[in-house]
Amino acid sequence: DVKVTQSSRYLVKRTGEKVFLECVQDMDHENMFWYRQDPGLGLRLIYFSYDVKMKEKGDIPEGYSVSREKKERFSLILESASTNQTSMYLCASSPGLWGYTFGSGTRLTVV
Amino acid sequence: QKEVEQDPGPLSVPEGAIVSLNCTYSNSAFQYFMWYRQYSRKGPELLMYTYSSGNKEDGRFTAQVDKSSKYISLFIRDSQPSDSATYLCAMSDNYGQNFVFGPGTRLSVLP
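So the sequence lines, in the order shown, correspond to chains Y and A.
Per my numbering, the very first residue in the first sequence carries number -12; after that it's consecutive.
Per my numbering, the very first residue in the second sequence carries number 8; after that it's consecutive.
Source of the hints: derived by calculation from the structure; they are not laboratory data.
Positions of the beta carbon are idealized from the N, C-alpha and C atoms, including for glycine.
Possibly wrong hints are sitting among the right ones.
Some but not every residue of chain A turned toward chain Y, in silico, with C-beta under 10 Å [to be verified]:
1. 11
2. 26
3. 99
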């Protein structure tokens, strides 16, 4: 089974901190994605990557950046955390255009 | 109008009931249709997918697509308490350029 592992299940950070969320997949998938999930808003795509060192903006990239230095690892960076970035963050990978496998999520609280 | 609409629920049914979960969409270019199940504090997992119109059955689950009405359904027969989760529909065009999730329906199956 494909495993997508997110480094932290719960995080609490202060406003203005730089925050790193890490995601690793073990099945050599080309595509990796970062979503945030909020009640009533569903899943919203932040950034995605089709290859190493490649990144594309999703629907809500403001306040975020990403890094993909190795195929298996995709990092989400909150440059200066704000309270409106309190959310559940989900990483996913896929071999093609769909059929995503998700990690268990990181619940981030910014205080 | 949102691109994909889904009743958020919660939907509560007794064990053994037939459950019908639905999504409507507006983009006629969507060709791939998926259902994900998300247990509490976990990431979504792919349940079923269909291509274009028609039905697909997998055990107690049946996915149905009516492209003429832009309407998709997931039926769960003989529902079990272990089916209690949030169900998200997702859809994509042929090129994966537009991959969208519905907001999810929370289902509770009561013993």
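Verification of the hints:
Residue-level restraint check for residue 11/A holds (minimum Cβ-Cβ distance to chain Y is 8 Å; threshold 10 Å). Annotation: interface hint on residue 26/A violated; nearest CB of chain Y at approximately 20 Å, more than 10 Å. Checking residue 99/A against chain Y by beta carbon gives a least distance of about 5 Å; that is within 10 Å, so the hint holds.
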